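Undergrad: Sequence:
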Amino acid sequence: MIPIYPAHSLKEAPLQGEATLSGLTNPPPLSLYIHIPWCVRKCPYCDFNSHEARQEIPEAAYVDALIADLEQATPLVWGRKIRSVFFGGGTPSIFSAEAIDKILSNVRMLTPLEYDAEVTLEANPGTVDIANFKGYREAGVNRVSLGIQSFQPQYLKALGRIHDREQALAAAELALNTFDKVNLDVMYALPEQTLEDALKDAETACQLKPAHLSFYHLTLEPNTPFHRTPPSLPDDDTSATMQEEIEKILAAHGYQHYETSGFAQPGQQCQHNLNYWTFGDYLGIGAGAHSKLSFHDKIIRQSRHKHPKRYLEAITTGQVVDSEWQIGREDLAFEFMMNALRLVDGVEADLFQQRTGLPLRVIQAQLLEAQQKGLLEQVGGAIKPTLLGQRFLNTLLEMFLKG
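Residue numbers are given in UniProt numbering: position 39 of the sequence shown equals residue 39, and the series is strictly consecutive.
Worth flagging that the hints you see were computed from the coordinates, not collected in a lab.
Careful, some of the hints might be misleading.
In the PhoX-like style, the derived pairs of lysine-lysine whose C-alpha atoms are separated by at most 20 angstroms in a straight line are [claimed, not checked]:
{"id": "1", "residue 1": "LYS373", "residue 2": "LYS402"}
{"id": "2", "residue 1": "LYS248", "residue 2": "LYS209"}
{"id": "3", "residue 1": "LYS42", "residue 2": "LYS309"}
{"id": "4", "residue 1": "LYS42", "residue 2": "LYS134"}
{"id": "5", "residue 1": "LYS200", "residue 2": "LYS157"}
{"id": "6", "residue 1": "LYS102", "residue 2": "LYS134"}
{"id": "7", "residue 1": "LYS248", "residue 2": "LYS200"}
{"id": "8", "residue 1": "LYS373", "residue 2": "LYS384"}
{"id": "9", "residue 1": "LYS42", "residue 2": "LYS306"}
This structure is a prediction, so every number in the text was calculated from the model and none was measured.
All chains, full assembly: derive it from the sequences and hints.
TA: The following block contains the structure:
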């Protein structure tokens, strides 16, 4: 059971040693994120740091920059094992197998990469072929995440995707025949999408039998064409029904719903993302990449220069980090909960102090309030969102914001 203190008791005793986060006795697991910022065409809903490849991509120069970036960053993570590697973008599959092999070879030379580390590469169905997939596998990639988004031509067109239904199915089949672990990204609540069509996509994805499925609700992010000129989207009630029915279909096919948008066959959860959700550490290299790194007395975040040209210029002077800041005590609880509460089964209560350095009682008032509102529950020693809390996750998270 999680001890719940009355709210008034939190004010009675001063908290000891919190200024230096004395609870950070051991570093959390560490992952490596590698950002490839180019894509063939920028999708109108995408707010990631991605850039349309209108000219020849400087692949060789960028690979050298990534290696230099990792070399410059290794003192911050010296001796710590890398448990997972994730190539994100952009479209990493726009890079050759030789480029990916050179990057991973240098990761192995510069860091103690665990022998069974999960190594994921994101791929666009419109940019893959059998030679590249075999090359990625030989380089050490053991998991591929395919950005399918939909299997139906009208929605692929509405989303500005460069592939069609046939390419989506062919890429999925190729990935499944090449890699042991495959994730398919699918979206719902698309422009003018019907409930029937959303469920068709779910059924098609399940019939392919990948190890992992990610189902995302389309959102209109700021600074995107969709935000500036919103398409006609399903209303909230229809979107909620889509979500509920998709989850039923996936469950019927043996997929376990383990985080907000993640569904996996038993034992096939994405280890890289699990490290994010449990507030683990990650080193991010590449244009616009972010890092979160823990030390005995502080937790810092970093971001690299976003634009590829600026990033390539900065790497030559060793000034690739654009900004760095320490996470304040007042923000740690929210950041931890923002990640941990994405997990359907929640996290062990002890993990809060292990990963933030703060005692659990700093959030006891919020935990009590969330339980009273039916948004949070305690199961054994775990902090877990209820079904209502999962549905109204933003409302739940707002309770842990300060001020």
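Undergrad: Now, for every hint given, state plainly whether the structure supports it.
TA: Structure-based check of all given hints:
no. : hint              : verdict
1   : LYS373 <-> LYS402 : holds (19 angstroms)
2   : LYS248 <-> LYS209 : holds (16 angstroms)
3   : LYS42 <-> LYS309  : holds (18 angstroms)
4   : LYS42 <-> LYS134  : violated (26 angstroms)
5   : LYS200 <-> LYS157 : holds (17 angstroms)
6   : LYS102 <-> LYS134 : holds (15 angstroms)
7   : LYS248 <-> LYS200 : holds (13 angstroms)
8   : LYS373 <-> LYS384 : holds (13 angstroms)
9   : LYS42 <-> LYS306  : holds (16 angstroms)
Checked against the numbered hints listed earlier, the structure breaks hint 4 alone; every other hint is satisfied.
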